[in-house]
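Taken in order, these protein sequences are the chains called A and B.
With my numbering, letter number 126 in the first sequence gets 126, and the count goes up by one each step, no holes.
With my numbering, letter number 63 in the second sequence gets 63, and the count goes up by one each step, no holes.
Honestly, the hints are just simulated from the structure, not real lab data.
Among the clues, some could well be false.
With a straight-line cut-off of 30 Å between C-alpha atoms, the simulated BS3-like cross-links for lysine-lysine are [what the hints assert, rightly or not]:
{"#": "1", "chain 1": "B", "residue 1": "LYS206", "chain 2": "B", "residue 2": "LYS224"}
{"#": "2", "chain 1": "B", "residue 1": "LYS71", "chain 2": "A", "residue 2": "LYS249"}
{"#": "3", "chain 1": "B", "residue 1": "LYS71", "chain 2": "A", "residue 2": "LYS157"}
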Amino acid sequence: MKKRFLHVLVLALILLLAACGGDSDTGGDSGTSDNGGDSSSGEGTSDGESAGEGEIVEIEYWQYHFDSKVKLIDELIEEFEEANPGIKVKHTTFPYDQYNERVAAQVPAGRGPDVINLFYGWVPRYVDSGYLQPLPQDAFPHDEIESEFFPMVEAVKLDGEYWTIPTAVRTLALFYNKDLFAEAGLDPDSPPTTWDELVEYSIALTKRDNNNRLQQAGMAWEPSQQGHHWFRDALLYQAGGQGLSDDRKTILWDSTPAGLEAFKYWLDFPTTHGVAERDFYTDDVTAFRTGHAAMNVDGSFRIGTLQNDAPNFEWATAPLPMKDHRSTQSSFWSNGITSGVEGAKLDAAVKFLQFLTTDEVMERWLDEIGELPAKESVALQDKYLNHEIYGAFMEQLPYANAHFFVDESQERDLVIQAVDRVLLQNVSPEEAFEELVEETQKLFDNYWANR
Amino acid sequence: MAETTTTTTSQPLKPKPKKRKSRLTLKQSKYLFVYSCLLLPLIFYITIRFYPTLYTFNIGFREWNILSPEKPFVGMENYVALAQDPVFRKSLWNTLIFIVFGVSGQVVIGLAIALLLQRINKFVGVFRVIYFIPYVTSIVAVSWVFRWLFMNNGIINEFLVNIGIPPQLFLNSPDQAIYIIIGTMVWQALGFQMVIFLAGLENIPKMFYEAAEVDGANSWHKFKSVTLPLLNPTIVFSVVIGSINFIQVSFTQVVNMSVNAAGGPLHSTITIVVYIYQLAFRQYSMGLASAATVILFLIVLAITIFQMKVLSRKFDY
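Generate the whole structure from the sequences, applying the supplied hints.
Next comes the structure, spelled out in structure tokens:
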């Protein structure tokens with residue numbers, strides 16, 4: 001009797017398992033067919049109709065979520081669809097922090113965008129993974145890209161191909177607080193233009209209390225924010241140093257004394273001159289915005305934030321102070337086409353990319369987002385060069401550098417580590433710099449060895 | 001077996017279910033219901049937790065840059081690379097510091113508060129609420145409040161300067177940062193520990209204390225010979241929970257409180273979970289990250305077994 005009951009129980013369990021299994025199977029099926037339905041209906045219509053009438057092709061565009069960019073892209077998509085009745089663009093955004101994760105998570109699932117917006121420093125990794133396809137040369141001839149766009153765009157030229165193309169670029173410049181300039185007896189309309197002046201000004205702008213604690217920093221100084229870029233792409237070249245060898249395999253920072261000179265100059269702000277402190281009022285942006293730091297090196301992407309926050313002081317921008325040469329750092333987000341896209345979809349994607357790189361879109365991008373046009377002819381117009389805020393960023397574009405990152409986050413960490421070694425562990429700048437070059441070179445060796 | 005199975009399968013289908021039905025008593029059908037209800041979470045657990053866990057073991061032996069479709073098998077290479085990686089070793093060491101200082105701090109202070117609260121009669125509820133509030137506060141909010149307190153020109157440095165002590169680097173210092181983060185975590189977990197210990201203390205029969213008093217024991221003796229042994233299961237529980245908590249939850253605190261949001265300065269606060277996250281989603285080395293996860297799994301397993309075996313001795317009076 002008891003045994004019998006057990007059998008029943010076991011059997012019931014098996015049945016239930018089977019049923020559940022079946023359920024979850026069917027659930028899974030219906031799930032995939034749902035999703036499949038979505039995508040396949042998209043594909044179905046596109047395939048079917050491209051085969052038949054060639055009416056509606058749907059492409060998917062991904063970018064990270066930045067309110068003004070989302071808004072503008074939505075508007076642009078509408079206009080694009082109007083001009084190209086056969087094409088529909090689906091716009092998907094993800095939070096910046098999770099962008100790479102979301103993309104990565106979609107790869108094994110075999111789903112994802114047709115056109116994707118990527119930070120230029122991520123492009124090598126995406127190219128290596130076979131995620132992107134080169135931009136078709138008939139639509140984007142290399143000589144045209146090279147003559148029309150700023151030279152920094154070459155950072156996304158790998159294996160002799162361009163993989164992505166930007167609408168807009170950004171550069172670093174000096175932000176300064178005019179009120180604090182006036183208070184310190186400096187002329188608010190003549191910002192520092194050389195290395196030495198920058199130091200003099202920042203000393204004049206620094207205030208300490210009776211206990212010798214920093215109250216107002218002459219210079220905001222944050223290696224983890226734009227600081228590492230300032231050193232790598234601006235100070236180094238300004239001192240006459242070099243970045244990478246032409247084949248992009250060797251770090252040349254220590255090939256001339258200029259590298260160490262730039263590194264020391266940069267570190268002197270918090271050490272020798274005592275005009276800056278790391279994490280002063282949590283970070284450089286906050287410190288500048290709240291009037292606790294008189295100057296900051298920051299990107300053109302900060303203009304919007306500052307205008308929206310409307311700090312209660314007058315501020316202005318100026319080109320980065322220089323030494324023997326001019327240089328600034330630049331970076332950009334750029335759009336590429338993923339590798340699986342072909343046929344009618346590819347044509348649609350190319351058209352969309354061409355639309356996003358027209359002069360008109362670039363001008364609107366500047367007006368609404370504050371990022372600088374990627375084409376010389378658009379950026380270097382008088383109305384922009386003479387603009388009181390954008391002018392400083394624009395005029396630096398022709399000599400801006402975009403470092404070729406093999407691993408953006410690790411290269412950044414190495415610079416921070418070198419700074420920490422000097423500031424916290426009393427290692428000499430020479431030794432820390434040597435380590436920095438060595439460790440960064442290792443990343444590059446590793447990258448090229450795996451290709 | 002097969003025969004019985006076939007007979008039983010046909011049972012529900014038989015035309016005369018009345019007789020069969022009577023075989024399942026009310027109690028039995030109740031069990032059937034309970035077991036089938038319990039099965040659902042089990043299936044969920046297997047597909048959502050167990051299968052990915054096994055998959056992690058598999059990936060640990062492969063090289064996989066998360067974006068690429070290929071995952072070549074590389075044997076033990078990931079484990080060798082981790083063994084040679086100074087940052088990984090540092091993260092293991094930091095995790096150990098987190099567990100040792102965090103758990104002991106949490107247990108000792110939690111027990112002390114519970115003992116004190118047991119002695120008072122007035123405002124017990126108020127104190128319990130005050131001590132418990134941090135536990136139900138968002139970790140991110142707490143982390144940032146502490147971060148601001150310990151800022152270069154924050155209130156704590158202000159206080160130190162006023163009493164003539166030079167300002168400290170605190171979270172910027174590779175020597176101090178980890179202990180500040182541990183302190184924050186201990187402070188936040190105190191409420192939970194307090195509740196557990198209060199419950200444990202309630203369960204100790206009064207007569208043991210009375211008997212001890214008759215024997216002339218002072219409070220220290222009572223604590224040592226009655227409270228502590230009888231509280232042992234509670235202590236083991238809280239140590240196990242605390243250790244696992246410190247291994248897992250340290251992530252949010254470290255990410256929010258370390259200066260570069262990644263276990264800095266100079267990797268002085270990086271824990272194994274933070275490093276796993278960085279390997280997986282910053283450097284996209286899923287193979288390395290999976291291998292590190294397997295190592296973490298083994299550590300958690302070892303700690304749990306050790307604590308179960310060594311700390312859970314039974315005391316009986």
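Checklist line | Straight-line alpha-carbon gap LYS71 (chain B) to LYS157 (chain A), limit 30 Å | finding: 26 Å, holds
Margin query: Would the hint linking LYS71 (chain B) and LYS249 (chain A) be met if the CA-CA limit is 30 Å?
Written below: Within the cut-off at roughly 26 Å; holds.
Next item on the list: For the pair we were handed, LYS206 (chain B) and LYS224 (chain B), check the Cα-Cα distance against 30 Å.
Entry: At roughly 15 Å apart (the allowed maximum being 30 Å), LYS224 (chain B) and LYS206 (chain B) satisfy the hint.
Against the hints set out earlier in the document, no violation occurs for any number.
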